[in-house]
Each structure stands twice: as C-alpha cells, then as structure tokens.
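Q: Sequence:
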Amino acid sequence: MKSYKHILFDLDGTLTDPAEGITKCIAYALESKGIQTADLNSLKALIGPPLKDSFMHTFGFEENEAITCVEKYRERFSTVGLYENILFDRVPELLEQLKSRDYHIYLATSKPEIFAKKILSHFAIDQYFDFAGGSALDDSRPTKTSVIQYVMENTGLTDPQNCIMVGDRKHDLIGARETGMDAIGVLYGYGNRTELEGESPTYLLHSVADLIEFFE
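As numbered in this note's numbering, residues 128 to 343 make up the sequence shown, in order.
Hints in this document: simulated from the structure, not taken from any laboratory. The reader is advised that the hints may include incorrect statements.
Stated by the list, open to error - With a straight-line cut-off of 20 Å between C-alpha atoms, the simulated EDC-like cross-links for lysine to aspartate or glutamate are: (1) 129 - 266; (2) 129 - 286; (3) 245 - 144; (4) 132 - 309; (5) 151 - 198; (6) 132 - 337; (7) 160 - 216; (8) 199 - 257.
Make the full structure from the sequences, and use the hints.
A: In structure tokens, the structure reads:
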C-alpha cells in the first residue's frame, strides 16, 4: 500500500449520518413547490451530491427553480436540520488514531462550509481537522472536484500522490480522480457497491472499523 500523509474526508455518509435532517429539509423545500413527500426514505438517494443538481435531475426543475429550492432547504437546515444528524460509530476513534499517527486530516464536503464547520464543532471533532473545506453559498464551488481543489489550494497541498480522498458517493471518487489522488469508497454510507465500483476506487471498504485498520 502507498504511504499517504494527507487524508480528505467527505462529511455526509462518511463521518456522519445526516439522513433525518437532510430528508426533512428536502421535503420542506419540495413542499414549497407543491410536492408532497409521503416517505422520507425515498429522498435518501439525494444525500451527498450537490443539492442544486439533485433538484434539477431528480425533479426536473429549471436552474432558477432549483436555486430557489436550495434556498428553501437552507432556511430549515441552518437552524434545525444540521443538528438532526449523528456520528457514525467509532468516527472519533478513527480521527484520534489518525492524529496520533501524524496524518493531516481535511474535510472536503459538498455541504456549505459554514454549515460543515458548525457540524464538526457540534460533535466536538473539529479539533482533528487541519482545514475544513466545503461548497460556497454563492455556488462558486459547485462540484466535489472544485471543493477538493479549494482544500488543496488553501493548505498548500501540491502533490496529490500523497493524498487520499475518503467518501461514500461517486462524486467523491470522481473528484479524487480529477485532482490526481487515490480514493477510498466506503460502503456504509449512501452509495451502493454498483455506484462506487463504477468509478473504480483505489480501495473499497465496508465499515469505519475497516478504515481504522487500513490506516494502522
């Protein structure tokens, strides 16, 4: 196995399980468009990818409508939804182990950075991160690739061969590939094996326990 010095983590579906908050906020946004959601579980597939894209591709909204929906989503998420969230088991143990072994840890999430930082603080895991990067409220970092590039630019990471991205959706793997770094796809989140294998991750792991063992 290659020796990695820098680890970039996705947030939703990788470090935390945000299903309750995200699905309720998506349903809240859809309701503003007259769309009722009978089963919140039907919205779980939208966890991870950029929300604007999901509103456009899944519900057929034009870009302006999708932007309005994102704004409505954030209306609830900023005050309630971001706390309807739980850490996956053993995540603090994983981060503590990595820090004790002198890895550098970064967040690279499609969630707006302002919310991501609040979530890290809420769960008292912000101390482990050298830098937390996310999307921008003005949509200037619309893809996972642009978020990873933003993290690299702000931390002086110039050699992607020393870096590895950890995430649960194909967008994480695509972002890693497009920035020249290896990737770990995790199967305990919201991307299934077919989705992840379709992007040829460098490694595919089943659990947080597998991540702990991988980086030992």
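Q: Quick check: which numbered hints come out false for this structure?
A: As far as the earlier hints go, 1, 7, 8 are violated by this structure, in ascending order.
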